[in-house]
Structures are given as structure tokens and as C-alpha cells.
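When the letters of the sequence shown are read in order and numbered with mature numbering (1 follows the signal peptide of the UniProt record, and there is no 0), they come out as residues -30 to -1, 1 to 48.
Don't read these hints as lab results, they were simulated from the structure.
All clues given are correct.
Below are the DSBU-like pairs computed for lysine-lysine, each with C-alpha atoms no more than 30 angstroms apart in a straight line:
1. Lys26 with Lys5
2. Lys12 with Lys41
3. Lys12 with Lys26
4. Lys36 with Lys12
5. Lys5 with Lys41
6. Lys5 with Lys36
None of the values given here were measured: they were computed from a predicted structure.
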Amino acid sequence: MERFSRPVSAVILLMLVLLATEMGPVAVEGGTTCKATSNIYKGLCLLDDSCDIVCKREGFHSGNCKGFLRKCVCTNPC
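Take the sequences, apply the hints, and build the full model.
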């Protein structure tokens, strides 16, 4: 039983780390661009154009689909 629980625990921990890195509310990249996950866009982000339109409605400069979970990420100059 112990042989089975160790790999399963490692996989769950890896998934949690991946999810945590995708869900950061605001990140600064290079000090010039601020990023935030869209509050309005729901579901998988498949089209950058749709994400861009939603982000502009939220008051951001632009937006595109990012990450493993395909979230709509809005950007603004900092």
C-alpha cells in the first residue's frame, strides 16, 4: 500500500503546484507589463481575439490566452 501512495502523493503535489502558478492574480513581468486573470471570461480560453475583447471591456490594454489551463490573461503597461 505504501508503494502506491507515494507516487500518487507526488502527482497530486505536482498538480497543485501547477495550479497555483496559473492562478496568480497579478504578476509583473520585467517591470513594464502588469498581468491579471480576467474576471469576466469563463471557460477555456481558445481564441486570443475573444480574450482581447473581454479584457478591453474590463479596462485593460489587451489580453490573450496563456498557460496550461488556458486562462484569459489581461495586460496593462505598469
